[in-house]
Amino acid sequence: MRNFRLKIFCELTTALKDNNAYLNYLLHLADNKEMFNETVKKYESGSLSTRDFYAALYELTGNLSLNTFDNAEETAELSGTFIKFVRYCTDNDFEIIIFSDCIDSYTDPIFKKENPSLKRFAGILKKDPVSDKFEIFYPYTDEYCRLCNTCKRNILVSHTNDLENEISVLIGDSISDRCVSGFADIVFAKGKLASYCWKNNITYFEFNDFEDIINKISKPENKKFLKQKNEARVRRKDLFLGG
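All residue numbers for the sequence shown refer to our numbering, where the first residue is 1 and numbers rise by one.
Read the hints as simulated data drawn from the structure, not as lab findings. Heads up, the beta-carbon is just placed ideally off N, CA and C, and yes, glycines get one too. Among the hints, erroneous ones may be present.
[To be verified] Below 27 Å or equal to it, Euclidean Cα-Cα: the simulated DSS-like pairs (lysine-lysine) are: (1) K190 with K84; (2) K133 with K190; (3) K224 with K84; (4) K237 with K84; (5) K113 with K84; (6) K126 with K33; (7) K227 with K84; (8) K192 with K227; (9) K41 with K229; (10) K41 with K119; (11) K227 with K199; (12) K192 with K33; (13) K229 with K192.
[Stated by the list, open to error] Pairwise CB distance ranges, derived in the manner of DEER restraints: (14) K119 with L27: 34 to 40 Å; (15) E221 with L29: 45 to 51 Å; (16) E231 with V130: 30 to 36 Å; (17) L27 with S117: 15 to 21 Å; (18) L27 with K192: 14 to 20 Å; (19) F134 with W198: 37 to 43 Å; (20) I83 with F134: 44 to 50 Å; (21) P129 with N215: 25 to 31 Å.
Use the sequences and the hints to build the structure in full.
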């Protein structure tokens with residue numbers, strides 16, 4: 001009988017067919033595409049924090065409104081292997097949490113189209129009652145850190161119950177997944193995150209799609225790695241206690 005429960009934290013971009021879909025969507029809205037691409041290069045080189053990066057992109061895309069993302073579901077969709085992974089997790093009582101530095105007005109139509117009702121954390125686009133303009137609000141930031149709009153580290157720590165033997169699994173591919181990678185028991189990484197984990201001696205499993213992840217966690221001979229990582233557990237405890 002299984003004595004653990006996987007708590008899976010998934011970066012939105014890994015779940016999409018095209019992991020650059022959001023950036024491509026914003027690029028389409030930008031008037032100065034050359035400046036947009038230069039901003040992306042600065043971010044990838046480490047010259048910009050995630051928060052400053054997206055602030056710069058939104059400046060280039062002009063005035064945002066709810067109508068801006070009316071056709072989001074037409075330009076991006078969840079990958080078939082992710083949908084299969086959702087079914088697998090549902091059958092095994094594994095919770096999936098999606099986090100992202102995107103805006104809910106972009107992500108919500110995509111998930112509504114595919115219909116997986118998963119808990120999601122992202123920025124919120126809404127009208128400011130004072131200025132009467134649409135602005136982006138970030139309710140999941142860390143008050144002491146200005147690196148990211150959505151603090152994935154805090155979300156993982158606050159939603160992992162170590163006392164009930166929940167095992168946190170991070171699935172990521174982006175620069176903004178770096179901070180959280182040291183707090184997860186198990187890391188599935190590709191792209192920028194895989195490179196970071198390799199350089200910083202963080203144990204991870206490389207994957208191409210969610211079929212790889214299903215195969216890894218479902219095979220009986222791999223069950224031995226499905227456990228809390230002591231170092232990650234200590235980090236979660238220290239952060240939770242304010243250490």
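Verification of the hints:
no., hint, in the structure
1, K190 with K84, "19 Å, holds"
2, K133 with K190, "38 Å, violated"
3, K224 with K84, "24 Å, holds"
4, K237 with K84, "33 Å, violated"
5, K113 with K84, "15 Å, holds"
6, K126 with K33, "26 Å, holds"
7, K227 with K84, "23 Å, holds"
8, K192 with K227, "25 Å, holds"
9, K41 with K229, "35 Å, violated"
10, K41 with K119, "31 Å, violated"
11, K227 with K199, "23 Å, holds"
12, K192 with K33, "23 Å, holds"
13, K229 with K192, "22 Å, holds"
14, K119 with L27: 34 to 40 Å, "29 Å, violated"
15, E221 with L29: 45 to 51 Å, "48 Å, holds"
16, E231 with V130: 30 to 36 Å, "46 Å, violated"
17, L27 with S117: 15 to 21 Å, "30 Å, violated"
18, L27 with K192: 14 to 20 Å, "18 Å, holds"
19, F134 with W198: 37 to 43 Å, "40 Å, holds"
20, I83 with F134: 44 to 50 Å, "31 Å, violated"
21, P129 with N215: 25 to 31 Å, "50 Å, violated"
In summary, the structure is inconsistent with hints 2, 4, 9, 10, 14, 16, 17, 20, 21 from the numbered list given earlier, while agreeing with the others.
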